Amino acid sequence: MIVVAIALNTFKEAVRDKILYVLFAFGALMILVSRAIGWVSYGSGEKIMADMGLAAIWIFSGMVSIFIGTGLIYKEIDKRTIYTILAKPAERWQFLGGKYLGLVLTMLVNLTLLSGGFLIYLWLSNAPVTMGLVQALYLTFIEMMVLTAIAIFFSSASTPILSAIFTTLIFYVGQVTKWIVELGAGNPPWVQKMLYTVYLFLPNLHNFNIRDKAVLATENGLAVPYAELGVVTVYGLAYASAVLLAAHLIFSRRNF
Amino acid sequence: MTYNPGLFAKSKQALTALDLDVPQNTIFGFLGHNGAGKTSTIKILVGLQFCTAGQAWIMGGDVRQSATRKRVGFMPENPYFYEYLTAEETLDFYGRLSSMDRASRKKRTSELLALFSLEHARHVPMRDFSKGMRQRVGLAQAIMHHPPVVILDEPMSGLDPLGRRDVRNIILSLRDAGQTVFFSSHILSDVEEICDRVCVLNQGKKVAEGPLSALLTGKVLEVKLAASGIAAAGIPEAARLAVRTWHDGVLYHVIVTTEEKAQAVKSMIEAAGGVLRVMQPHRESLEEYFVRVTDTTPGVASVQSGDGFATAKAKAPEVHA
Numbered sequence: 001m002i003v004v005a006i007a008l009n010t011f012k013e014a015v016r017d018k019i020l021y022v023l024f025a026f027g028a029l030m031i032l033v034s035r036a037i038g039w040v041s042y043g044s045g046e047k048i049m050a051d052m053g054l055a056a057i058w059i060f061s062g063m064v065s066i067f068i069g070t071g072l073i074y075k076e077i078d079k080r081t082i083y084t085i086l087a088k089p090a091e092r093w094q095f096l097g098g099k100y101l102g103l104v105l106t107m108l109v110n111l112t113l114l115s116g117g118f119l120i121y122l123w124l125s126n127a128p129v130t131m132g133l134v135q136a137l138y139l140t141f142i143e144m145m146v147l148t149a150i151a152i153f154f155s156s157a158s159t160p161i162l163s164a165i166f167t168t169l170i171f172y173v174g175q176v177t178k179w180i181v182e183l184g185a186g187n188p189p190w191v192q193k194m195l196y197t198v199y200l201f202l203p204n205l206h207n208f209n210i211r212d213k214a215v216l217a218t219e220n221g222l223a224v225p226y227a228e229l230g231v232v233t234v235y236g237l238a239y240a241s242a243v244l245l246a247a248h249l250i251f252s253r254r255n256f
Numbered sequence: 257m258t259y260n261p262g263l264f265a266k267s268k269q270a271l272t273a274l275d276l277d278v279p280q281n282t283i284f285g286f287l288g289h290n291g292a293g294k295t296s297t298i299k300i301l302v303g304l305q306f307c308t309a310g311q312a313w314i315m316g317g318d319v320r321q322s323a324t325r326k327r328v329g330f331m332p333e334n335p336y337f338y339e340y341l342t343a344e345e346t347l348d349f350y351g352r353l354s355s356m357d358r359a360s361r362k363k364r365t366s367e368l369l370a371l372f373s374l375e376h377a378r379h380v381p382m383r384d385f386s387k388g389m390r391q392r393v394g395l396a397q398a399i400m401h402h403p404p405v406v407i408l409d410e411p412m413s414g415l416d417p418l419g420r421r422d423v424r425n426i427i428l429s430l431r432d433a434g435q436t437v438f439f440s441s442h443i444l445s446d447v448e449e450i451c452d453r454v455c456v457l458n459q460g461k462k463v464a465e466g467p468l469s470a471l472l473t474g475k476v477l478e479v480k481l482a483a484s485g486i487a488a489a490g491i492p493e494a495a496r497l498a499v500r501t502w503h504d505g506v507l508y509h510v511i512v513t514t515e516e517k518a519q520a521v522k523s524m525i526e527a528a529g530g531v532l533r534v535m536q537p538h539r540e541s542l543e544e545y546f547v548r549v550t551d552t553t554p555g556v557a558s559v560q561s562g563d564g565f566a567t568a569k570a571k572a573p574e575v576h577a
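Each protein sequence line maps, in turn, to chains A and B.
According to my numbering, the residues represented by the first sequence are 1 to 256, in order.
According to my numbering, the residues represented by the second sequence are 257 to 577, in order.
Note that these hints are calculated values from the structure, not bench results.
Just so you know, not all the hints are guaranteed correct.
[Stated by the list, open to error] Distance ranges between label pairs, derived from CB positions:
| no. | chain 1 | residue 1 | chain 2 | residue 2 | range |
| --- | --- | --- | --- | --- | --- |
| 1 | B | Gly474 | A | Leu249 | 50 to 60 Å |
| 2 | A | Arg80 | B | Ser541 | 25 to 35 Å |
| 3 | B | Ser541 | A | Ser241 | 57 to 67 Å |
| 4 | B | Phe306 | A | Leu183 | 38 to 48 Å |
| 5 | B | Leu418 | A | Leu105 | 39 to 49 Å |
| 6 | A | Leu216 | B | Phe306 | 53 to 63 Å |
| 7 | B | Ala470 | A | Ile77 | 38 to 48 Å |
Quick caveat, the model's predicted, so the values are computed rather than measured.
Backbone N, C-alpha and C fix where the C-beta goes; we use that ideal spot for every residue, glycine too.
Sequences and hints are given; from them, build the entire structure.
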């Protein structure tokens, strides 16, 4: 009940925040522009439209996670709204969980709207609308669940600017995590060990990127088998849970 | 009690050996200079800060337990709310956090909006509220779930005289309804007017505690006399007894330190053919008492009473409420 109350309030806050609409408009504009780029590009315009549309939705979602997520907890502390909330019979994990779920709900609604618009736009343009595209959009959502958890982790311990920098870095480095270990080849063992440790802790966001496969998917329309989709989903949810647990460990000891 | 104010900030000692008992169904004033430790104590009581030593209970429940906070209503100093919520949505939100069902929330929200004269602002977003209106919403959310203990941090801060009067009346009505009110304030005249008991903190230590009637003994600090019909030169014998005398052209003024001296001066005035116009004893106010104990008292000037309902003790701090 308390988690739901905080989640719905966070959703309401995001919906009444102008930044969401700016980002939404940006995402929608990029999808529309994809057609124009398709006209002037070499190769299949339909594929470029799909490619750019998926990328636009991914970037839009990443920006929502970073811009809203990193300020989510800090703003409550800075504006002291947290005082009256934590003084109620709310546990701190309920507060943190509610804020997280609220932003995930915001993300879900926005992604659904933008994805729906994107798929309709493709259909109207006589481009193929495959199940692979839906799979790619679904994994974008799971990736954003991970990124939002990371944003909330930093937000519960740091300022929005630092949190945004750290989360953006992880968003970027997370795309190339699998190459981090390879970077150590030929270096002293301690460097290799250090890079391996970094590799273990960083999220492998590349797992969620099936956008290329989705655009190219023609046979049965799937980008990846459903089993793979399930494994990646479990990985994403487990990683997000671990990060939220770490955020809780910091947050539950904080004095306000 | 020490606390860590941030990741890289040094720990701060906020309270030392605070042992406080708040009896049920009283209005308890919590006084002290800025930085004395009032807000830290309150934050411990409502679970916003953790003490490094000692314990605090409210109605027998450890304040770190969320179940204990069901019995507590809290308003912080200068309360902040979500700007995008209306007054009605704000109260409904706090009702949900207190696990109230929809029907109770709706009924209670209407009751409180009426009680705090906020019905006209029911659908107005909080961003458009004045400070006084926010303060009223702050009080309303604190008592939304009918808590038996209400803790208020500087509830009169920044309010105009009418607003202060309203808050005083609400606090009195809460006690009349059987609730216990624990509040900090710098406005000592308000505290003196409504509190049953007070505690004075100085630099994190308790320097006085007890019923107001016991702390303010009614001792006369000085007596002011004024008489007409006295020559400008005054009365030399009276001047010897007084701490100060002067003549304003019409009245002859004398200030003495005891009622006995005042009686003697009165006789001298009558003997000199004057007519006594004013004879006014001045007793110690809470403000003077506060200044006296926070300026000079090295130890505790305490008046204890046994039947504790709310308690806070500290080895560092202990607080029972």
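Evaluated hints:
no.	hint	in the structure
1	Gly474/B / Leu249/A: 50 to 60 Å	55 Å, holds
2	Arg80/A / Ser541/B: 25 to 35 Å	33 Å, holds
3	Ser541/B / Ser241/A: 57 to 67 Å	59 Å, holds
4	Phe306/B / Leu183/A: 38 to 48 Å	42 Å, holds
5	Leu418/B / Leu105/A: 39 to 49 Å	43 Å, holds
6	Leu216/A / Phe306/B: 53 to 63 Å	55 Å, holds
7	Ala470/B / Ile77/A: 38 to 48 Å	41 Å, holds
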